[in-house]
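These protein sequence lines are chains A and B, in that order.
Count along the first sequence from 1, add 832, and you get the number used in the numbering used here.
Count along the second sequence from 1, add 832, and you get the number used in the numbering used here.
Just so you know, the hints here were simulated from the structure itself, not pulled from any lab data.
Ranges between beta-carbon positions, derived for each pair: (1) A:Glu866 x B:His1032: 39 to 49 angstroms; (2) B:Gly913 x A:Arg933: 27 to 37 angstroms; (3) A:Thr944 x B:Lys953: 21 to 31 angstroms.
Just so we're clear, the structure is a prediction, and the values are computed from it rather than from any experiment.
Built from N, CA and C at the ideal position, the CB exists for glycine as well.
Number of protein chains: 2
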Amino acid sequence: MKIGVLGTGMVGVTIATKLIQLGHHVTMGARSPENQTAAHWAKAGGVNASQGTFTDAALYSELIFLCTKGEATLEVIHTVGRDAFGEKVVVDVTNPLDFSRGTPPPLMICNTDSLGEEVQKALPYARVVKALNAVNCEVMVNPAQAENPTLLICGNDADAKKLVTFLLRDFGWDEIIDLGGIKNARGTEMFVPASLSLAHVFGHSHFGFRVVGR
Amino acid sequence: MKIGVLGTGMVGVTIATKLIQLGHHVTMGARSPENQTAAHWAKAGGVNASQGTFTDAALYSELIFLCTKGEATLEVIHTVGRDAFGEKVVVDVTNPLDFSRGTPPPLMICNTDSLGEEVQKALPYARVVKALNAVNCEVMVNPAQAENPTLLICGNDADAKKLVTFLLRDFGWDEIIDLGGIKNARGTEMFVPASLSLAHVFGHSHFGFRVVGR
Chain A
833 MKIGVLGTGM
843 VGVTIATKLI
853 QLGHHVTMGA
863 RSPENQTAAH
873 WAKAGGVNAS
883 QGTFTDAALY
893 SELIFLCTKG
903 EATLEVIHTV
913 GRDAFGEKVV
923 VDVTNPLDFS
933 RGTPPPLMIC
943 NTDSLGEEVQ
953 KALPYARVVK
963 ALNAVNCEVM
973 VNPAQAENPT
983 LLICGNDADA
993 KKLVTFLLRD
1003 FGWDEIIDLG
1013 GIKNARGTEM
1023 FVPASLSLAH
1033 VFGHSHFGFR
1043 VVGR
Chain B
833 MKIGVLGTGM
843 VGVTIATKLI
853 QLGHHVTMGA
863 RSPENQTAAH
873 WAKAGGVNAS
883 QGTFTDAALY
893 SELIFLCTKG
903 EATLEVIHTV
913 GRDAFGEKVV
923 VDVTNPLDFS
933 RGTPPPLMIC
943 NTDSLGEEVQ
953 KALPYARVVK
963 ALNAVNCEVM
973 VNPAQAENPT
983 LLICGNDADA
993 KKLVTFLLRD
1003 FGWDEIIDLG
1013 GIKNARGTEM
1023 FVPASLSLAH
1033 VFGHSHFGFR
1043 VVGR
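Can you make the complete structure from the sequences, with help from the hints?
Shown next as structure tokens:
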């Protein structure tokens, strides 16, 4: 597939690299078409890897991974505009972490709303699937590293969730549970504070949660 | 041990019954010393089971399980008064669910505060340990029913957490992880929305989360 990855942080680079390894054509999008991280990544990624603006990455793809920082996500979407996203499937990996308020960061949006829902509202034609946000980026693309946790996904479009499930099985995810509509992103985003506490206890982030007793 | 259980809902009755089975002396506390649920429970529980007011249950015990409804918890504590709790260990099983705002209920307190922290603030001498809140009450006392999930606990007093860990191992909990201070109750309480989503998907609540990859 032609896939756009918006964001050049660790999450964007890790996911984009995995997608290249799986044979997809990936455009990494950034604010600047000459973003240095994207340039290094594209050079290392070979012929299937390219870079561009956020808008380029959204336009020249069939599916989009949203890997921007939580606080920048809605602004990036508004800058790109809903038309570039069209009716595409958008995998929303973002977390609304507010790093301006000390450590551990609280969430900017939670409980009665979620960043996943705000992304879907900002992109009314796109089919947003919330996924992967609750684990470390290395676990995202290699769940075996964390002894195969369960992945909780949600979104309003059943076909979009099927496509994302298919794609993420290639990442190595065995058990993927569909929680229902995008409103359930509240729950998966609210998972993050306990994960941050556990990361502090363990001294690493290569863990996850497996649903047992279902 | 002499244990007080505050609350006569499903959680209070289930925990109090388990404690009796384990040989503890249990006083179930309610607003009224003649509460009918507590009376039935005490009659069925035998010589080690008794009932009383919330204050009785706090006073005549060495350890207290707080099993009140989220919205009533702080009011019950203020009515009983901090002196009745003294420096005892208080196991806070409550969730700040706001059932006045539709289904699924959001949390009344979250993200930058938690009910666990508020309980500790209201009981400055007591040693509050947040535990068990994120699972169904039948799983609380029989984690094998949910294939042995991980229990996350937190609290400011190390000895209190040791005592609670010892007690909950008797409930059947194998893996108990101490997240640190009571501030981490934010995370364990924020687990609840995803759990409610999963309960809706599964059609039952006899599941849990096992931490993998630690």
